[in-house]
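J.: In case you want the letters, here they are:
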Amino acid sequence: LGLALYASSLCAVSGATFLYHDYCVIGAGPAGLQAAYFLQQAGRDYVVFERSHAPGSFFALYPRHRKLISINKQYTGKSNSEFNLRHDWNSLLSHDRRLLFRRYSRDFFPNADTMVRYLEDFASLLKLRVQYNTAIIHVTLEKNEQAWNGHYFLLTDQDRKNYKCSCLLVAAGTWVPNVVNFPGSEYVEGYETVSINPEDFAGQTVLILGRGNSAFETAENILGVTNFIHMVSRSRVRLSWATHYVGDLRAINNGLLDTYQLKSLDGLLEGDLEDLAIVKDKKGKLHITLRFYLENRNISAGIDSITLPQDELDNFATRAPYDRVIRCLGWKFDFSIYNRSLRMMPGKGNIKKYPQIKPNYESKGTRGLFVLGTASHSVDFRKSAGGFIHGFRYTTRAVHRLLENRHHGVPWPSTVYPITQLTNSIIKRVNEASGLYQMFSVLADIILLRENATAFEYLEEYPTGVLAELEMQTGRKARSGLFVIIMEYGRNFSGADKDVFYYNRAVGEAQHAWQSNFLHPVIYYYKQLPTEREMKLRPPDWPLPRPNAIHHIVEDFLTDWTAPNAHILPLRRFLENCLSTDLRNFFAESCFLFAFTHQKLPPSCQQGYVGMQGLVGSPELRQHAVQAGLLQDYTHTDFLGDRPPDSHHGSQEQWMRDHGIPVRPLQHLVNAKDE
Amino acid sequence: MPAQKDRWVSSLVFLLFCASSIPKCGSASLQQEPSPQHYFSSLETGKTSLAFFTPSVSPGAQPFLEQIESSAEALQDYGVSVVKVNCPKEDASRYCGKENALRKAFLFRGNRLIREFPTDALFDVNSIVANVLFALLFNEVKYVETLADLENIENVLKGKSNMVFAYVPATGTAEHRAVMEAAFVYGTIHQFVLTTEAALLKATSHDDPDVSSAWLLFCHCQQATEPAQPCRRTALAQPLTLLNIHRHLKLMGAPLVTEVAEDPEKISTVHLQLGLPLVFILSQKETYEADRRTAEFVAWQLLGKAGVALLSRDLVELNVLQRSNVALKTPDEGMPIQYLVLEDTDEVITLVEDKNKVKQIQEDEQEEEDEDEKENNNQDIQDDQVVEAVSRDKKRELPLEQILVLTEENFHSSLSEAARTVVLFYASWEAVSLAVLRSYCEVAAQLKGTPGVLLSRVNCWDWPGLCSQENVTQFPTIRIYKEGQQSVTYGGMWGTEELSSFILLSQVSCPLKLATMDEAEGYLRGEFPPELSSHHHTSLLGVFSSATSKAREAFEEAGNILSGHVRMGMYFEDDALALSQKYSVAPPALLLARGGGRSVEGITLSKHSVQDMVQMIRYELLDIFPEITVPNLPQYLQLGKPFLILFSAGDISQVESKEMLKLAKGRTQQSFVACWLNLKKTPVGYGILRTYFSTTPPLPVLLWVNLHAGGQVFKFPSEQSISEMNILSWLEKLQAGLEIPSSTLSEEDWKPPLPAYDFLQMMEPALPELSPHPGDTPAQHPPRSPGGDTAGGDSATREEPSRESTAEEGGAPGRGLRGTAPRLAARDKQGRRHSEL
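Quick note, the sequences are listed as chains F and R, same order. If you read the first sequence in the UniProt record's numbering, its first letter stands for residue 1, the second for the next number, and so on. If you read the second sequence in the UniProt record's numbering, its first letter stands for residue 1, the second for the next number, and so on.
Don't take each hint at face value.
To give an idea of the interface, some chain F residues facing chain R are shown, with a C-beta separation under 8 Å as derived from the structure [unchecked claim]:
1. Ile196
2. Ser494
3. Glu589
4. Ser590
Below, computed lysine-lysine pairings styled on DSS-like, alpha-carbon distance capped at 25 Å [as the list claims (entries may be wrong)]:
5. F/Lys364 / F/Lys536
6. F/Lys527 / R/Lys751
7. R/Lys751 / F/Lys600
8. F/Lys600 / R/Lys715
Hints in this document: simulated from the structure, not taken from any laboratory. Backbone N, C-alpha and C fix where the C-beta goes; we use that ideal spot for every residue, glycine too.
Make a model of the complete structure from these sequences and hints.
T.: This is how it looks when you write it as structure tokens:
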């Protein structure tokens, strides 16, 4: 309240021309609305600016052919809502179960209009404070020592109305189409305006520039009616099922690859678009040539005077004239509205379409400016899902939690458990957590151990990139070591040129789990929080520095890591050895025996039995334990004839042999495909 | 073994016979010749004879004669006859006439004199045979005195034939004889060289030889081609006897490495016939060349000690471990061939030289591997009794029909349907949850038909949102939801009885407000309320005058906390004073009606804080002399006192009970927990006794157990009767430190039962970037070229080249046997993989 008063007084001082909010969000797309939801839930003073009259204006136009390629799975066979989010790539996070995308569409690949409708509902049902028809055209800073970050953000809209905020969340997406300039580029149609009616392409020969999903989507639409389609791009095609990156070419759009490889006239070419030139002949046909030939010439002089590649190389691939050339080169972030003082710089190399940000999503140039949503994808470009709804809905929540701690003294939410729950809490999360799964290797669950390892604190979905700053960023203390739980694909498994279907690609045995290829949980153990330096010097392609110990839970075909022997047991052994304790569960009877024969008790007895919560167990269970040789039955013991006390192992084996039960009955199945 | 030895000895003898030009059988003896004339006339050409001339009567030569006579038989084998020529008295010829000639022996071939020996050189049979043969084999056996002589001979022999070089400390010795005898047989095959020069021995031997004993070297000059290099030598390790030399030469003549392509059981070589073991190097096509070099290297090392054979596994069907690389066949009949996995050639040599040592190695390895295996096997064998029990029970279908399944959809509506809803929050993959679910099923069966109670469950694996909304962070959790009231979380043992009791007690409010004196009396008798009449636990009644509202509030609050665990009532009507006075206390007071006896005890409430009251109630509920059971131990453990515990095979006798009770009651402020344990009811008590005494002592047995401090266990002397007096005096002695503890509780920490998979270590070789010092990795692990990787990136393909290279290196002498394929195949066990289905 004090803060609000302070803030409003500031407003008064600086004049009525500024409308003040603690948080300003630019853009009411999925990320903006997601951020608004968390701000609203936390009761923060915020506003969302949206240039259009409704949320999700990008989706109102794109994708042009209206089919979203984010999956919307109706059924998973599970009712676990958290788990189901792993296969729901369109919903935003909220407590409202009405706002699940599967309630909006039954299509596996839903229509973009549905997304627009969904976003509208999300904003209205949750009563998010969105100011529509407000295009922010300029952002600048006002220095003020009292401000949270040493400055206020001053925003100006198209009507010259001004807004002032302490914290700016940029969720504007990447919406400025990428264009290339080469001689003749004026003949090129853009993806944003090209006709989506296949009839318009009947009997035409089409050249498409670009090799992303929009390019293939465009090709897919007209594949059946064109003479042929050629696609040109600098890089070779990257198939998402080979790279495990959803931003690469998805199978749903790859019809042209099929026809190319089956020699059905369509084709793919590699070449630098910067070297390209297009000349139009008298009939209106477009000829491809090279910039090189055009140097020192005037295009207007006419087609006849221009050298075409085929004049010298008569089998030049794109010698056939085209009727249309379509540019599908993607989009970039709109850098234009930010004052130079904000130092919003484009990234380098293949992330130049995104602004430069730190792993905590804060702009590298300006403190207090956070980039959310698609525009924040530079953090995990071509790696994880941070550029897509099913990824940034989690990173947005992470940013919100960082801000809650930084500005409102609300530490990162955590739960404290007794150490006996350690294995369980990890198993629970790796089996259902959607944030860990979607934002694999980017978001991590953190377990902070308490002194003497009797209890631990569980933090969910913390950005791995700022692990070193954990104490400062979360307000939690990591004094006695920590576990970091992330999901990983096998190293060397993913890649544009990798064969991801090779034989024996899956590991079946827990002891070879580190060679797992498919997404699987990995647990890093650090005795101390890694330092900045260690984070910087971490091995290339590693999300984290070298740990003190590491555990891989073996990949699972069903992504169900609850098998007692293959998944839970090795994990327990790993945790036990990190903590140097015994994490087994014991029946009350065993604890009773230990209480009278040992001065110390294992954690499960200490925290369970001694705390009056002993596991008595049904007679059947105890019988099973006796048969397994893990519990001694004293009922039938005669007083004098003592059995050797160490017959446990033997008796177990004996019992197994007697009952003809192999230790791992599925072993032969597992090994059947060996070699 | 002895039989075999006989066999080859006889073959040697036979050989000697053949070698000697006179195959003459029967007993040989000293020939007597009447006169020199007669003797000389009888000499045949080519026939060798040793003659000595003796006067008819010459007693002085008698000992010499004996030796000569006994050497006759030996010399006969070499075709030398020994003749004693009698010199007639009057004979003064060359041999008989001179005095000194009579002290000599003469060796003739035909009638040509080869050598004359002074009789003092012929002191015994050995010297006679040695000297005679030395003389006869003058051309076959070269005597050298200097190293130069030896080298000359060696150089001449190179590439032509082998040399046997013998050193004897003196001529005429047994060793000398043995060498000469061998030379007699082998002299035409090998060049024999003899010396008595100790200096020469020293020059030819590497280490300081013992010049007092003979020495024999076989020099492999035939194979030597390098003129500058001395011939390779193999010393005879055994003493120089004819047998040993013969064996040695036989072995040197055998092929270095025998290549075999049949069942090793059927193979027999010179070595086996000579009682030496045969070592098989098991080879495969891929590694044949390397294995051959290894075999040759080993063979040189073992020359004279064992034979080496190279066995191609590809040609022979062997029913042995793929990773076995060496086999050992001993000459002992009936001994099976041993197949071994050895690491380097040294082990093969040790194998032959010291069998016991090898056995040790093998056993060690076996153990090591067993351990490895055990370790591996154990590591993935479940050692959590709860998890294992639950997974063994998973096929059993649980009678869950009594338990309502709650979901996110029906949770809130279901709660409002029954007066009380018991909810078990669990996770269907979690073992402890599932164990509790089993007990919960039993509870459901017991409580079937109880009005107003609904048993239900929520699987948090299906409905995580519901569980977190209900603030359930741990599994299992049991809550009782009552309409319009705060839910109560169960905090007791996860057992059927305890759970049932909790649910039953939760039916009535806690504390239960009693309206009339009758109700209060009935409550104390356990008859009211009727729902709890079957419940025989201690009843607690708080009696308050209306004025003492603060105490009452605290009591009510304590009731909330103890709800479900304690039967609590309260009475604060006008006649409360009358009720309390009945039990001689004044309100606020607590009336306790203990389970069995129903005697009512009154306690004045002095502390009015909730926490104190809860603690006081809990304490008051404890028995004075309880029977310790698995479920109730924790309550007594919390007191933090030592236990005086009587282990009894069944119920304790009245006398013991009385005495113990007296003892327990005797001190108001007890410093220990007096209790007993019924082994029939709590059989795990046997486990305790066995830990203390290793066997079960005679029962009953009274023990003092310092559970919390020191952990000493003292046993009350069994000869004393269990009486208050005896125990008290024992305790005094005990406290005074006059008793010796029978046992002490283990102080051990609860460490991880087994190691984990060390993935970090496994990853390091494959992922050089993981190495702790990123700076120096490139040198150690050259980075793999990005293009060179197969899509699999499988370590199997990566390790291929290194395997080949080790195989090649295996050829260099002294290299490990690791180069052989089976070994490697066994070592580099690849990660077992399967495609996903």
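J.: Does each hint hold? Answer for all of them.
T.: A quick look at each hint next to the structure:
For the restraint placing F/Ile196 at the interface with chain R, the shortest Cβ-Cβ distance is roughly 37 Å, beyond the 8 Å limit, so the hint is violated. Given hint, F/Ser494 at the interface with chain R, is violated; its Cβ is 11 Å from that chain's nearest Cβ, farther than 8 Å. A hinted interface residue such as F/Glu589 counts as satisfied when its beta carbon comes closer than 8 Å to some beta carbon of chain R; here the least separation is about 5 Å, so the hint holds. With a least beta-carbon distance of about 7 Å to chain R, the hint placing F/Ser590 at the interface is held under the 8 Å criterion.
A hinted pair counts as satisfied when its Cα atoms are at most 25 Å apart, and F/Lys364 with F/Lys536 qualifies at roughly 16 Å. Between the alpha carbons of F/Lys527 and R/Lys751 the distance comes to roughly 18 Å, so the proposed pair stays at or under 25 Å and holds. At most 25 Å may separate the alpha-carbon atoms for a hinted pair to count; R/Lys751 and F/Lys600 meet this at roughly 11 Å. Proposed proximity of F/Lys600 and R/Lys715 is supported: the alpha carbons are some 22 Å apart, at most 25 Å.
When the structure is compared with the earlier hints, violations turn up for hints 1, 2 and for no others.
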